[in-house]
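Chemist: Next come the chains, spelled out residue by residue.
Protein chains: 2
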Amino acid sequence: MMTELEAAQAGKITKAMLQAAEAEGVSPEFIREGVSRGTLVLIKARQSGRVVAVGEGVRTKVNASIGTSSHLCDLELEKRKARLAEAHGADTLMELSAAGDLDRIRREVIESVGLPVGNVPLYQAFCETLREYGDPARLDPEYLFELIERQCADGIAFMAIHCGINLFTLERLRAQGYRYGGLVSKGGALMAQWMVKNGRENPLYEQFDRLLEILKRYDTVLSLGNGMRAGAIHDSLDRAQVAELLINCELAERAREAGCQVMVEGPGHVPLDEIETSVRLAKKMSGGAPHYMLGPLPCDVGASQDHITAAVGAALSAAYGADLICYVTPAEHLGLPNEEDVVAGVRAARLAAHIGDTVKLRGRADGRDRAVSKARRDLNWSEHLRHLLFPEEARRFVEERKSVRGKRCSMCGDLCALDQAQVVFRDFLSEEKR
Amino acid sequence: MMTELEAAQAGKITKAMLQAAEAEGVSPEFIREGVSRGTLVLIKARQSGRVVAVGEGVRTKVNASIGTSSHLCDLELEKRKARLAEAHGADTLMELSAAGDLDRIRREVIESVGLPVGNVPLYQAFCETLREYGDPARLDPEYLFELIERQCADGIAFMAIHCGINLFTLERLRAQGYRYGGLVSKGGALMAQWMVKNGRENPLYEQFDRLLEILKRYDTVLSLGNGMRAGAIHDSLDRAQVAELLINCELAERAREAGCQVMVEGPGHVPLDEIETSVRLAKKMSGGAPHYMLGPLPCDVGASQDHITAAVGAALSAAYGADLICYVTPAEHLGLPNEEDVVAGVRAARLAAHIGDTVKLRGRADGRDRAVSKARRDLNWSEHLRHLLFPEEARRFVEERKSVRGKRCSMCGDLCALDQAQVVFRDFLSEEKR
Chain A
1 MMTELEAAQA GKITKAMLQA AEAEGVSPEF IREGVSRGTL VLIKARQSGR VVAVGEGVRT
61 KVNASIGTSS HLCDLELEKR KARLAEAHGA DTLMELSAAG DLDRIRREVI ESVGLPVGNV
121 PLYQAFCETL REYGDPARLD PEYLFELIER QCADGIAFMA IHCGINLFTL ERLRAQGYRY
181 GGLVSKGGAL MAQWMVKNGR ENPLYEQFDR LLEILKRYDT VLSLGNGMRA GAIHDSLDRA
241 QVAELLINCE LAERAREAGC QVMVEGPGHV PLDEIETSVR LAKKMSGGAP HYMLGPLPCD
301 VGASQDHITA AVGAALSAAY GADLICYVTP AEHLGLPNEE DVVAGVRAAR LAAHIGDTVK
361 LRGRADGRDR AVSKARRDLN WSEHLRHLLF PEEARRFVEE RKSVRGKRCS MCGDLCALDQ
421 AQVVFRDFLS EEKR
Chain B
1 MMTELEAAQA GKITKAMLQA AEAEGVSPEF IREGVSRGTL VLIKARQSGR VVAVGEGVRT
61 KVNASIGTSS HLCDLELEKR KARLAEAHGA DTLMELSAAG DLDRIRREVI ESVGLPVGNV
121 PLYQAFCETL REYGDPARLD PEYLFELIER QCADGIAFMA IHCGINLFTL ERLRAQGYRY
181 GGLVSKGGAL MAQWMVKNGR ENPLYEQFDR LLEILKRYDT VLSLGNGMRA GAIHDSLDRA
241 QVAELLINCE LAERAREAGC QVMVEGPGHV PLDEIETSVR LAKKMSGGAP HYMLGPLPCD
301 VGASQDHITA AVGAALSAAY GADLICYVTP AEHLGLPNEE DVVAGVRAAR LAAHIGDTVK
361 LRGRADGRDR AVSKARRDLN WSEHLRHLLF PEEARRFVEE RKSVRGKRCS MCGDLCALDQ
421 AQVVFRDFLS EEKR
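First to last, the protein sequences are chains A and B.
Quick note: the first sequence uses my numbering, first residue 1, plus one each step.
Quick note: the second sequence uses my numbering, first residue 1, plus one each step.
It cannot be assumed that every hint is accurate.
List time: in silico DSS-like cross-link candidates among lysine-lysine, alpha-carbon distance up to 25 Å [unchecked claim]:
1. 433(B) - 407(B)
2. 402(B) - 79(A)
3. 197(B) - 402(A)
4. 402(B) - 197(A)
5. 407(A) - 433(A)
6. 407(A) - 197(B)
No lab work stands behind these hints: they were computed from the structure.
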């Protein structure tokens, strides 16, 4: 089987490319070219046939993550969260369980949604190693590669794999000597521990070609994970993080050359004025690989409202070129999200992605903003509600609170600005732009 | 009585300046200089003595607006909303009622909070004119000036007044000939109607010196209102809006020269990549007058989640120099906010202001971010929660969901990244930055 990248480079337009082109309102050739250059990846949900295009020139996508932990392990809850994420407009799902029967959870979660499902293979790997030996340093590389293949075979559509946290990267961290926020990547922290305790190179880096061969067999998209990502705005763009990014970008090129679809992950916690640098650096060094952004969070003190913190960072990162936004829920930094948190997280991330797209894609993304504005101007409530990003939510507001009477709402009542303006401007302004 | 501006220019350090300096952690001379230059205003709550500094070099402030409309007129509800806004950290309050006994509402709202209370005099003026004559064009300028003085005498600390929407501005709108979002400012739309129907200049522009004399008598801060503000991202920076801004900036200079404290208001709806231009233009043309930003909203389709839309715009506008952020609640564009909406709006705006301040004020604003990050790294939950922006909310989360056991939370459980990292990095990294 050819990967989408190999097919594109051979000049072929696949079924997945046609499907992506239709969903994005672009030509199949546009998709093929992007995939061929590696600036676009096609993430395919094997269980449903759905294709999600991520990268340059297409709508910014939103990922929602679910999964168990040893403190809260309830497969049915995670499946409900997965379905809620899909219902509220997530484009991809990551199954990040770290407790329970992990093979079963993965298979059931994949079957419960139509979305492409991604994961982080190191979670299961270290989880089962800890369970068996009580020490993550006992992780056997052979078992790790077998596990990755099993996960691909189960239909995992994309994988965040920590290949760039290698001995070079660790040495940069050691030379730096300090980190405000420590290491906040589970996969990164555990792999670092493995390398230090065993005095060995990261097998995912050392045997990168072997990894690529596995992923290519299933056309599973490689997402180069961010094990050194900053978990504090004061750690943003520190040398340890940039060292890993540099290695990841080098690996992205190798993956592409080998015909494996690949994305590069971004942080984390980034101050507002470093988001542009952060995104551009990753895009530039990786040769334009699709960028999967974890927010970012532009401050560290927002816990309980971090879906909003992340929306600020995500809107900006999308505007600068991030292609896939991982949602952050109000539970971030405090515990596992519940169903309500998942909905809040998906909504905030979708809103942020749209805000970014109105800049990144211009006229291709802001048509509904224009439609909403004109409907508001004309006090046309049904048109107004219809074009919103969250029409059900807005409609419920208006209905439950009975906030609209005739054309006017309770915000201004009889002193409605739009209505007052109409008195004069009906003759003064034309209804359509000349 | 001297205004703070006059006192500062005379080299005096007033009680209000001392109070502002202490609250901001800067020297009294720093405050005096800023007030003297007009880059800082001191908004004073007469009923409580509280002083709020707004402008360059101090923390970005948050305004919450409350007020009745003819659809929803409940004074007790508005007072509860006002107190909630104060309790959740708003710095100023705007009392924007447009229905009921407006003198009584104003007086009772002022008495119910310790915050400086602002308003928009044109609301009451047009409201009462409509009630009496059924036509806003019958507004009597003499009554308007008397009303403004009465409101000042009642203790209104700052006033958004629509002086810049004059015949020149209206002509620019006519020449432009189109607006996607129409006019969304109540005061602006009503004053435009008044001018067009009467064929006369805006009395607030024509008799600007008279207005300044009234405001100076009470040291009420003038906030030059944005009657032409864009209510659609596609209208952002259109010529009608920039024309009014230009006039407002000219008037800001005149106010300053007359010894009247003054701010300039910004839009509205602004695409993400025009926020910098929007803020810098207002700051530059006004000679650095404090900038009061209404959000902005970087997209038009977010209704029901527009506190988040506005947080994105507000964080960016604060980073670029906006000094006072008007909150936007989830009810925006749909109806009057209820108590829950007020709390959500204040929280989102405070978070956005802080994100902006970590860029704008650097080390003076981001100390708590560093403290939170270090506490997280060290799995010190009590320190972590203590330094958050919303500690009660986060604590409730942790307690209600029992998400923390020992040092670990339900997010990662036994696979805690920070804990795993500590195993190795206790020796590897130093606890404090060298």
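Chemist: Take the hints in turn and mark each one as holding or not.
Modeler: Right, here's what the structure says about each hint:
Restraint check: the Cα-Cα separation between residue 433(B) and residue 407(B) comes to about 24 Å, which is no more than 25 Å; the hinted pair holds. Distance restraint check for residue 402(B) and residue 79(A): the Cα-Cα separation of roughly 22 Å lies within the 25 Å cut-off, and the hinted pair is therefore satisfied. A distance of roughly 34 Å separates the Cα atoms of residue 197(B) and residue 402(A); the hinted pair therefore is violated under the 25 Å criterion. Between residue 402(B) and residue 197(A) the alpha-carbon distance is near 34 Å, which puts this suggested pair outside the 25 Å criterion.
Distance hint between residue 407(A) and residue 433(A) is fulfilled; the C-alpha atoms sit about 24 Å from each other, no more than 25 Å. Our distance criterion of 25 Å between C-alpha atoms is met by residue 407(A) and residue 197(B), whose separation comes to about 23 Å.
Hint compliance for this structure: hints 3, 4 are not met, and every other hint is.
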